[in-house]
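Order-wise, the sequence lines are chains A and B. The opening residue of the first sequence carries number 1 in this note's numbering; numbering runs sequentially from there. The opening residue of the second sequence carries number 1 in this note's numbering; numbering runs sequentially from there.
By construction, these hints were calculated from the structure, which means they are not laboratory data. Using N, Cα and C, we set each Cβ at its ideal position, and we do this for glycine too. Watch out, some of these pointers could steer you wrong.
Said to hold, decoys possible - Estimated spans, in silico, between C-beta atoms of each pair: (1) B/Gly292 <-> A/Gly236: 55 to 61 Å; (2) A/Leu85 <-> B/His299: 52 to 58 Å; (3) A/Asp105 <-> B/Val193: 19 to 25 Å; (4) A/Gly33 <-> B/Val306: 18 to 24 Å; (5) A/Gly83 <-> B/Phe277: 55 to 61 Å; (6) B/Leu281 <-> A/Asp105: 20 to 26 Å; (7) A/Ala100 <-> B/Phe277: 30 to 36 Å; (8) B/Asp400 <-> A/Ser157: 28 to 34 Å; (9) A/Asp105 <-> B/Asp389: 24 to 30 Å; (10) A/Ser121 <-> B/Trp76: 44 to 50 Å; (11) B/Thr105 <-> A/Ser157: 28 to 34 Å.
Stated by the list, open to error - Only pairs whose alpha carbons sit at most 20 Å apart, straight line, appear in this in silico EDC-like list of lysine to aspartate or glutamate: (12) A/Lys199 <-> A/Glu138; (13) A/Lys199 <-> A/Asp105; (14) B/Lys44 <-> A/Asp105; (15) B/Lys44 <-> A/Asp103; (16) A/Lys202 <-> A/Glu141; (17) B/Lys101 <-> B/Asp73.
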Amino acid sequence: MSNAKLIAESGKILDVAAKDAPLTVRGLTVSYGNKPAVFSVDASIPAGSMTAIIGPNGAGKSTFLKGALGVVPRLSGEVRIFGKLFSETRDRVAYVPQRASVDWDFPARVIDVVLMGLYGSVGLFRLWRSRHREQAMECLERVGMADFADRQIGQLSGGQQQRVFLARALAQNAEFYLLDEPFAGVDAATERAIVTVLKDLKSEGRTVVCVHHDLSTVAEYFDRVLLINVRRIAEGPVETTFTAENLQETYGGRLATTHIDELHLA
Amino acid sequence: MSFLDYFISALFLQAGYNSALVAVGAGLLGMSAGSAGAFIFLRKRALVSDAISHATLPGVGLAFMIMVAFGSDGRWLPGLIIGSAVSSAIGLLMVEWITRKTRLTEDAAIGAVLSVFFGFGIVLLTIIQTMSSGRQAGLENFLLGSTAGMLISEATTIAVAGALAALFVFLLRRPMTLVAFDPEYAATTGVNVRNIDLAMMGLALIVTVIGLKIVGLILIVALLIIPPVTARFWTNQVGSMIGIAAGVGGLSGYVGAVLSAAEASLPTGPIIVLVAFGFFLISALFSPLRGGLASALRHQRFQRRVHRRQGLLSLSRREPIYDGLTLRILRRSGFIRRDGVATARGRVAAAKAARDEARWAVARRMLPEDSAVEHYDGLTPIERMMTPDQIAEIDRMILDQQGGMA
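Isolated chain B (complex conformation) (with noise of 0.2 Å):
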């Protein structure tokens, strides 16, 4: 069977029972991520996720020696699981208190907290190597991930974790939306601004020690913060960009476990890492509401209204026009001929436009606040932005300036 045509038969779960487990264990723990990343995102604390899945490591060592000390196989899962959440919100916690107590900057608690519990991890990790029953504990897998040889269990293990991770984010979506938007409102109407963040970071280190034998403690943080990028460019809201970010990872996830099963020398982790990537290529490129293509075709488009108006301005006063684009756009509209007389459309054009220019001048007088004065861009027709009476006094206006000057 094909690279291809295994893949193929592996999206659709039709490749064997344990390889479909993997990619819907690995799709619910993208769904977590996703969700609950969407909030360390708006908090603008994406960097702390990072120091909590590297500090996992140490604890990873530590509970796997544990267990064998205490004779057992010491790669079972939920030990590992529990000893890496235990170092990891030590690391929390330290980032917190160093923020806190001394005059250090988040940034450098970050900093310090990542480097030592992953240099410690490390040691102790090739101390592992040496032990006698180390040899194929395979630990360093937990570092990009691997859904190889992944045991029933696990994968149930991982996909009941991210359900409940994603519950939890549905129970405390507004107390962690209220804290990320105005922390110091938050607080006056008696939410626990510490707790709330605490919380927050609580869900991304769930997310990252149930993501350890998948994606790895490496790249864990991509899966936090990539989708609910991704998801900012499609929405304005809160709420929906929680689902997009949520189906963004679950769909990352599962793509790339799928990928990475078909294929069993790619690490699984690096593989979900780049779909997400080609998610937010895509959106980053191409989505109509915050897109690059959509806001450079915005501009383009306002840069040819503002050529338009002030070509039209420059024929109604006989002004020379020499301004190659400004040309080209009132040649194509039909305003001017080949060689840059207006045509009797242009004229009409034209008086409108100045018609219009002085009309928002008396406006800007009259109604120094109204809305419409506010929002006027200089180039939408006064026909749209006020009512018909109020353009009628504007006019009367004109007149009467007229009247007084001859």
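For reference, chain A alone in the conformation it holds in the complex (with noise of 0.2 Å):
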């Protein structure tokens, strides 16, 4: 799909932005055994935004991404994507896990991981051509790892295996990208090189939801911010919802207020 035709579909998505955004959570519940990670969160991210989930350790950040796309089975909630089921919205849905969540001894060169992204187009038995692997290769250059197409994903550093993750999801060609913690352990070089790739994919007019950590550059990275400790705290612009009280209640008294106050709110 050619990236023009891509912005005038996403530009038809604005139109009934209410109706078909990228993602609408009502009553999501979520629970390892029988305590609830995730607690009837409601939550709505219109088309085009860039969203940082923030949250503690433990307060279902990354639960609530894998409720959302069905990875761990709901106990309760309703989850449309682009108004639809995600059954039939998968095609235009990218996740990337956290880096963490495989084992990298796997028998694979770095082409063969980003080729996975293309399982969903190619089919599951047709064989690969060159223009996938050409296509493949293009996702490896926007990430930086060109080079390195040809390498044991075992002997990558962490920040290269981000990297790679983040090639599989462009090769999707996805018009919602939903990032699991993509910036966590990475060095500096890959850090600024995922962020330019995230804000380059909403320049495009595509959504992106990121689980995030790092509270020094929600502003500076996201428009949008998504509270959660175990239930939505709030919802909202950064200029609007980033602000010291609604931390101070997501965090509870885990965060010193000096702390808050270092962050220049809004």
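If you follow the hints, you should be able to join the two separate chains into one complex; please do so.
Have a look at this one:
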């Protein structure tokens, strides 16, 4: 799909934003055992936005993403993606899991992992053609990893692993990107490379949601926040929602007041 | 004819139609076991296949009893295969159910299912032996496998089913790879992870039940797991790993079946597994990619480079060197004389090492995120990691610093 066409389509999405928002969640509850990790969370992500999901450790940020995408079973709640069930809109969504969630000693090269992002469009049975490889190489180019295409994935640094995961999601050419802690434990150069790619995605009219843990970069990287601590605390634009009051409520006593002051809040 | 003569003639399929067919059947079985086992190994579920194989035994016993009750021979292989498939499928679903619905972990579920099914199967075999028609049943051969007195129809059944299982692996290779590497991501792209897991285990089940006759249920898990583990030593790619695993499994099955046919008292299953283990041992020691010898050599080379660099830096700083290995390496490279004094070559090399070290120090400060700096192992000559203009820039900065100090 060409970019022009994609932008045209996302323009159409914007027109009916409320109804066909990339993600609408009502009362999402997910539990491990009998303790809810996410309890009755509502959220609505508008098209073309960049949203950070913020909250303390164990607050259910990742579980919220996984519950929304059906990776973990939902106890209750409604999820609509572009106004439909996820099963009908999978090809418009790309998910980037935490890089620590897989075993990197898996026998695969960098290019093989990126090609996994093309399984959806190529089908599970047809053979690879050179144009698929070119597509995968373009995605590696965008994250600055083209020279590593034939490297064994076990030899990559943490930041490089994260870039490969992002390249795999880019290969899906989705309209809606959900990333779980993309900046966790990566070097500064990788962080900048990833932010650049994400901002490019946004400028192409696509929607980005990240689970994020670094409060000091929220205002610089994102335009919206969703504050979660098992329950939803607040959701909205950074200027009005990323406030000392809301952070205090999200983090409870775990965040020193002085720390919050340092963040130069709105 | 001696054992060796027979073995060699059998190896080239010259020892009669029947043993040739058995050898080819065992080879195809090994190929399907190796390729199916590759995914089970990558998904880290080798022990589940052990539960599957032990859960076949009650099915074998019950199928035999039912066939006898209906007045047939009871040893009809397709009937026994169907019986064993049903009971091991029940065992597999029980492991899955226990893991999903209770707080028990998979290993506990495997232990429980494996031992209960196997125990029940042994009880059934004992009962069968006391039945009038059971004396010559030979069902205990299903424990360790036997090719003695194998029928051509049986060998054909095994060969066809083995080829089908290998085809099934080929068709499902992509979803199985995805699920083995990253199940969460696979789920978001619409792959039904649970069904793929069941398909993977279903493949193990098919291989197990068709392998019952030749390898036996106790050791079939080895034929599923040793070939992929062996293959992993030689490659870093899933595709070639499956191919090598299929090859190792096929060769093990073929050679093992020929060996055991040459000496009738040798049980087939253990021989096949020992042949597979031979391949494993050779790979573990000698594979240039991940073998023990190669990595020991790599480590030794690295250690020598470290000592060499440290020794040269000590020379440049005119520090005494006490480390025996460092002294030996410097002496052998002609950098120092017998009495420890630096030679002319040594002084040049030491100066170069010191300059490299200073350049790297500047480079780290100047380009903290440059990929060349990220990959610096402390030893590689800077010329191999950076372009000449970068090095010139670094040298200029060093000169500036020295000028500033003077």
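Here is what the structure says about each hint:
Separated by about 58 Å at the C-beta atoms, B/Gly292 and A/Gly236 satisfy the suggested range of 55 to 61 Å. A hinted range of 52 to 58 Å holds for the C-beta pair A/Leu85 and B/His299, which are about 54 Å apart. Between A/Asp105 and B/Val193 the beta carbons are some 21 Å apart, a value that agrees with the proposed interval 19 to 25 Å. About 50 Å separates the C-beta atoms of A/Gly33 and B/Val306, a value inconsistent with the hinted range of 18 to 24 Å.
Here the CB-CB span from A/Gly83 to B/Phe277 is close to 58 Å, well matched to the stated 55 to 61 Å. Between B/Leu281 and A/Asp105 the C-beta distance comes to about 21 Å, which sits within the given range of 20 to 26 Å. Between A/Ala100 and B/Phe277 the beta carbons are some 34 Å apart, a value that agrees with the proposed interval 30 to 36 Å. Checked against the hint of 28 to 34 Å, the pair B/Asp400 and A/Ser157 passes, with Cβ atoms roughly 31 Å apart.
About 38 Å separates the C-beta atoms of A/Asp105 and B/Asp389, a value inconsistent with the hinted range of 24 to 30 Å. Range check, A/Ser121 to B/Trp76: about 48 Å between beta-carbon atoms, so the 44 to 50 Å window is met. For B/Thr105 and A/Ser157, the hinted distance range of 28 to 34 Å is satisfied, since their beta carbons lie about 32 Å from each other. With a CA separation close to 17 Å, the supplied pair A/Lys199 and A/Glu138 stays within the 20 Å bound.
Taking the CA atoms of A/Lys199 and A/Asp105, the gap is near 31 Å; set against the 20 Å cutoff, the hint is violated. Only pairs whose Cα atoms come within 20 Å are accepted, and B/Lys44 paired with A/Asp105 is accepted, the gap being roughly 12 Å. At roughly 10 Å between alpha-carbon atoms, B/Lys44 and A/Asp103 fall within 20 Å of each other, so this suggested pair holds. Restraint check for A/Lys202 and A/Glu141: satisfied, since their Cα atoms lie roughly 18 Å apart, inside the 20 Å limit.
A hinted pair counts as satisfied when its Cα atoms are at most 20 Å apart, and B/Lys101 with B/Asp73 does not qualify at roughly 41 Å.
Of the numbered hints stated above, those contradicted by the structure are hints 4, 9, 13 and 17, listed in ascending order.
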